[in-house]
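Engineer: Going line by line, the protein sequences match chains A and B. For the record, in the first sequence the residue sitting at position 313 is 313 according to the UniProt record's numbering, with numbers rising by one throughout. For the record, in the second sequence the residue sitting at position 184 is 184 according to the UniProt record's numbering, with numbers rising by one throughout.
Treat the hints with care, since some could be wrong.
Unchecked claim - Derived PhoX-like pairs (lysine-lysine); straight-line CA-CA distance at most 25 Å: (1) B/LYS69 <-> A/LYS21; (2) A/LYS72 <-> A/LYS90; (3) B/LYS271 <-> A/LYS325; (4) A/LYS108 <-> A/LYS96; (5) B/LYS190 <-> B/LYS271; (6) B/LYS179 <-> A/LYS325; (7) B/LYS190 <-> B/LYS179; (8) B/LYS153 <-> A/LYS24; (9) A/LYS98 <-> B/LYS241; (10) A/LYS271 <-> B/LYS325; (11) A/LYS190 <-> A/LYS69; (12) A/LYS241 <-> B/LYS190; (13) B/LYS24 <-> A/LYS24; (14) B/LYS263 <-> B/LYS241; (15) A/LYS153 <-> B/LYS98; (16) A/LYS84 <-> A/LYS98; (17) B/LYS271 <-> B/LYS179; (18) A/LYS271 <-> B/LYS193; (19) B/LYS24 <-> A/LYS98; (20) B/LYS21 <-> A/LYS69.
Hints listed in this document are in silico derivations from the structure and should not be mistaken for laboratory results. Fair warning: this is a prediction, and the values are worked out from it, not measured in the lab.
Protein chains: 2
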Amino acid sequence: MTTQLTANEQVQDVLEALQGKAIKNVLFVACGGSSALMYPSKYLLDREAETIESDLYSSNEFIHRNPVKLGKDSLVILCSMEGKTPETVKAVSFAKSKGATTVALTHKLGSPLTADADFVLRYDWGKESNAINSNYSFMYQLVMGLLSVYEGKNEDYQKLLSGLDQLQTIYDRTREQFKEKAEQFSKEYKDEKVIYTVASGVNYGIAYSFAICILMEMQWIHSHAIHAGEYFHGPFEIIDKNVPFLILLGLDETRPLEERALKFSSEYGEKLVVLDAKDFDLNEIDETVKKYIAPLVLNDVLRLYAEKLADERNHPLSTRRYMWKVDY
Amino acid sequence: MTTQLTANEQVQDVLEALQGKAIKNVLFVACGGSSALMYPSKYLLDREAETIESDLYSSNEFIHRNPVKLGKDSLVILCSMEGKTPETVKAVSFAKSKGATTVALTHKLGSPLTADADFVLRYDWGKESNAINSNYSFMYQLVMGLLSVYEGKNEDYQKLLSGLDQLQTIYDRTREQFKEKAEQFSKEYKDEKVIYTVASGVNYGIAYSFAICILMEMQWIHSHAIHAGEYFHGPFEIIDKNVPFLILLGLDETRPLEERALKFSSEYGEKLVVLDAKDFDLNEIDETVKKYIAPLVLNDVLRLYAEKLADERNHPLSTRRYMWKVDY
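Bound-form chain A, shown alone (with noise of 0.2 Å):
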């Protein structure tokens, strides 16, 4: 007899609230950071979805965009940290106007983005939380949740699930595993007015959320996260032995351009910082499910790598000059 994993309480209601309803596509809608960590669940769906279209939507793009496949058969999983960032709040109610069902995370309960939504997900932040219940956690237990219920993917669900409850352990270990490498980092590059990111696949969003919102967003450093395949039409031609390149090597399907960058650019940069997932240990995750999990822990150590820098270069993560302070 095998024990079944369930998901958290929160996202295990709303899948038993959706049984029985029609979901055509599902649209993943939020901003910046809260976006970038929608990019694994795209993803997961391209690669296992067999019934549901999908599609990401910056906020704001999304409403005036207006797709016309947004409708009654639509589920709708928006994100917001504070629960007030206004484009994803008015895409709840856009959502909704068009008969869509929506789902919106959040840390804040009560927030405004919460006031609308069909369903809230309430998820854990911060030093003392657990990474079960983390915003990435409930994303993969939502949509490989959805799999289950729409189209009987419980193997796979279990393995994610059981996968997932170890997450937290695996943080800690490679976070302390990393934490010479994260220092050296922070020595060598803290000087850097440019530093590229580098990823495809499941691991795109993590370069893209750390080019953004770590380097641009809070270190004031120039960035640009280079999708691994499009960096051989065009992007390369900018590498030389002066130009910084973080590349993430993950354990998707997608592997093979990553390295492929990382070949390159060994050959013609001098500035590399890569970041393997092949040298995390991932020994409690299911072999199948650890090309999904890989994203979150690259994404772990590479907050870790943030914190470095900016003890390094006296400049805190909080630091913002526009962002909350002046209007826009």
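Based on the hints, put chain B in the right spot on chain A.
Structural biologist: Then chain B, alone, in the frame of chain A:
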């Protein structure tokens, strides 16, 4: 009695051959600039297509991600100027192996891209060609043609065909109008080390193309195409009076996003290059399709900006250090 316009003969042949075939989704597959020129068509399908889903992938991501939705009811549209891009050539046979129908756009008949494709569209390119037979024009003729065939949207199709017929006239007139501005841009920005580009909606691909193909590839200037909606969720912290931003304003539904990015940038930045499609004379174009023509004109004007910049920097647009020169 109204005369019915028809697409270019080659496109017309594809549309006629497709009559009666089920199409569940259209997948846009290419790399770099050839991928960027498909973004407007993805926007158009999102806005207009009621029965056809769509998605866009860089060629190698497409092959390795191997989306489940790729199948016998998929129409895969691919593009490569010289028809030799290995990933895109491989994507044709990959798509066919899944039962999909393939349409390959290329400037070179007989190139590897054309070998396995079900349909080939040979577009014109270069100074002597007419814009009606360009890659951008063929893309619109094809996707709007599909909506005419599959969803009876002949009225909009006629308006778009009529507009494309005037495209060369508009290009010529607008280049003349922007000659001085392009020269001024090249003088003012020739020594910049980084230039960001910003756009949204139907114009985003144009900003992406200018960032990765012109600035990074052809001029070795750091760049990153920032989505105007994402700008306020990280990237905007990078702007100050010394950081150059090229901001595009189009005529589509997402213009408010671009206007907001411009308003903020005008307040905190001083090096702004603004290209506003409202300044174009598009009097030949029907009001309802102007938004789709605008990005094509923006792109052509930006080519002029690129040419002037290359002259001023004594760095020809054809200069490469890696592309076509080394193994990658």
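Engineer: For every hint, state whether the structure bears it out.
Structural biologist: Structure-based check of all given hints:
1. B/LYS69 <-> A/LYS21: holds (21 Å)
2. A/LYS72 <-> A/LYS90: Cα-Cα ~18 Å, so holds.
3. B/LYS271 <-> A/LYS325: holds (22 Å)
4. A/LYS108 <-> A/LYS96: holds (21 Å)
5. B/LYS190 <-> B/LYS271: Roughly 12 Å separates the two Cα atoms, so the pair holds.
6. B/LYS179 <-> A/LYS325: Violated. B/LYS179 to A/LYS325 sits at ~40 Å, over the 25 Å cutoff.
7. B/LYS190 <-> B/LYS179: holds (16 Å)
8. B/LYS153 <-> A/LYS24: holds (23 Å)
9. A/LYS98 <-> B/LYS241: violated (42 Å)
10. A/LYS271 <-> B/LYS325: holds (22 Å)
11. A/LYS190 <-> A/LYS69: Violated, at about 46 Å.
12. A/LYS241 <-> B/LYS190: Judged against 25 Å, a Cα distance of about 22 Å means the pair holds.
13. B/LYS24 <-> A/LYS24: holds (12 Å)
14. B/LYS263 <-> B/LYS241: holds (14 Å)
15. A/LYS153 <-> B/LYS98: holds (22 Å)
16. A/LYS84 <-> A/LYS98: holds (22 Å)
17. B/LYS271 <-> B/LYS179: holds (19 Å)
18. A/LYS271 <-> B/LYS193: It holds: about 18 Å lies between the C-alpha atoms, which stays within 25 Å.
19. B/LYS24 <-> A/LYS98: holds (22 Å)
20. B/LYS21 <-> A/LYS69: holds (21 Å)
This entry does not satisfy hints 6, 9, 11, going by the numbered hints stated previously.
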